[in-house]
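Participant: Which chain is which? The protein sequence lines are A and B, in order. Quick note, the first sequence lines up with residues 1 to 145 if you use our numbering. Quick note, the second sequence lines up with residues 1 to 111 if you use our numbering.
In case anyone wonders, no lab produced these hints; they're calculated from the structure. Please read all numbers here as calculations on a predicted model, not as lab measurements. Where hints are given, some of them may not hold.
[Stated by the list, open to error] The calculated lysine to any residue pairs, modelled on SDA-like cross-linking and capped at a C-alpha distance of 25 angstroms, are:
| hint | chain 1 | residue 1 | chain 2 | residue 2 |
| --- | --- | --- | --- | --- |
| 1 | A | K79 | A | G96 |
| 2 | A | K5 | A | S48 |
| 3 | B | K103 | A | L99 |
| 4 | B | K96 | A | V109 |
| 5 | B | K96 | A | V102 |
[Said to hold, decoys possible] Each pair of labels, with its calculated beta carbon distance range:
| hint | chain 1 | residue 1 | chain 2 | residue 2 | range |
| --- | --- | --- | --- | --- | --- |
| 6 | A | S9 | B | N93 | 30 to 36 angstroms |
| 7 | A | R103 | B | N8 | 28 to 34 angstroms |
| 8 | B | P62 | A | K5 | 24 to 30 angstroms |
| 9 | B | R49 | A | D73 | 54 to 60 angstroms |
| 10 | B | R81 | A | L99 | 20 to 26 angstroms |
| 11 | B | E9 | A | K5 | 56 to 62 angstroms |
| 12 | B | G20 | A | K5 | 51 to 57 angstroms |
| 13 | A | P3 | B | N93 | 48 to 54 angstroms |
| 14 | B | V53 | A | D73 | 30 to 36 angstroms |
| 15 | A | G57 | B | I107 | 23 to 29 angstroms |
| 16 | B | R49 | A | S125 | 52 to 58 angstroms |
| 17 | A | R122 | B | E7 | 44 to 50 angstroms |
| 18 | B | P62 | A | D11 | 17 to 23 angstroms |
[As the list claims (entries may be wrong)] Some chain B residues flagged as far from chain A (calculated, every beta-carbon gap over 10 angstroms):
| hint | residue |
| --- | --- |
| 19 | N8 |
| 20 | T24 |
| 21 | I73 |
| 22 | R94 |
The beta-carbon is built from N, C-alpha and C at its ideal position, and this holds for glycine as well.
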Amino acid sequence: MEPVKITVSSDPSHIATVRSAVESFGDHHGFSREQSEKIGLAVNEAVSNVIRHGYLGDVHQEIAVTIGMVENDGKKGIKVVIRDHGLQVDPDSIKGRDLEEVRPGGLGVHIMKSIMDEVSYRCRSQGGMELTMIKFLPSARESTI
Amino acid sequence: MNLQDYENENGPVKRIEIDGEKATVTLSNDIDMDCSPDVRVALQVLIQRKIPVIHIDLREVPHMDSSGLATLIEALQRIKRYKGKLVLYGLQNRVKSVFEIAKLTDIFEIK
Chain A
1 MEPVKITVSS
11 DPSHIATVRS
21 AVESFGDHHG
31 FSREQSEKIG
41 LAVNEAVSNV
51 IRHGYLGDVH
61 QEIAVTIGMV
71 ENDGKKGIKV
81 VIRDHGLQVD
91 PDSIKGRDLE
101 EVRPGGLGVH
111 IMKSIMDEVS
121 YRCRSQGGME
131 LTMIKFLPSA
141 RESTI
Chain B
1 MNLQDYENEN
11 GPVKRIEIDG
21 EKATVTLSND
31 IDMDCSPDVR
41 VALQVLIQRK
51 IPVIHIDLRE
61 VPHMDSSGLA
71 TLIEALQRIK
81 RYKGKLVLYG
91 LQNRVKSVFE
101 IAKLTDIFEI
111 K
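Bound-form chain A, shown alone (with noise of 0.2 angstroms):
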């Protein structure tokens, strides 16, 4: 099946129509209800860090996601790419924080670490980011993630 290819405008009111895209996407891919909600989780997650710190909170900005499905050594997953045109910074330096320290803010890494099997990214030679996250089906033995 193609992937699926969404572009919408960098407006947090929008998080939620990338999110259920995701979870649609998702449930229609073998993953349980629960599992694509999270999915979407980490999705909403990084659309969030693109609107906030990519644009700065400009909501007139642009945000590509594509969804679709990938097979690495006979292993399943959805796969979720996300790209804009913000800031760049250098993809070593993006990591979840410390939770030891309850703080508010800079949970939003963690969260898309905790959830997907791969999550990385890359500076866009023509600008932006480009964020690349893998969830695997769990096998049978494995029911939750």
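Let chain A serve as the given structure and place chain B on it in line with the hints.
Facilitator: Relative to the frame of chain A, chain B by itself:
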């Protein structure tokens, strides 16, 4: 924001009821980056008045992201400064799992 008898069916802050030293804030809809600023404003007004006990009813919240968590963490820290109490209740499983991923279930009083 006039909090006494505050009601807004279109939420996210659907209702605020103040009864003596306790305020109950009923939230509804998704609490994400789009809506959490409204929640923050409502809680900050209660906190400025140093309401001793603030309950947050989450039964009608199907989804919360890290911006919602951040709003609640900030509120909890400010309430603790004046020895007040923040109680969350009615968390749907989906919302509860976000608290678990962020390892916040022991930080908040959750009923």
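Participant: So which of those numbered hints doesn't the model satisfy?
Facilitator: 11, 13, 14, 21, 22
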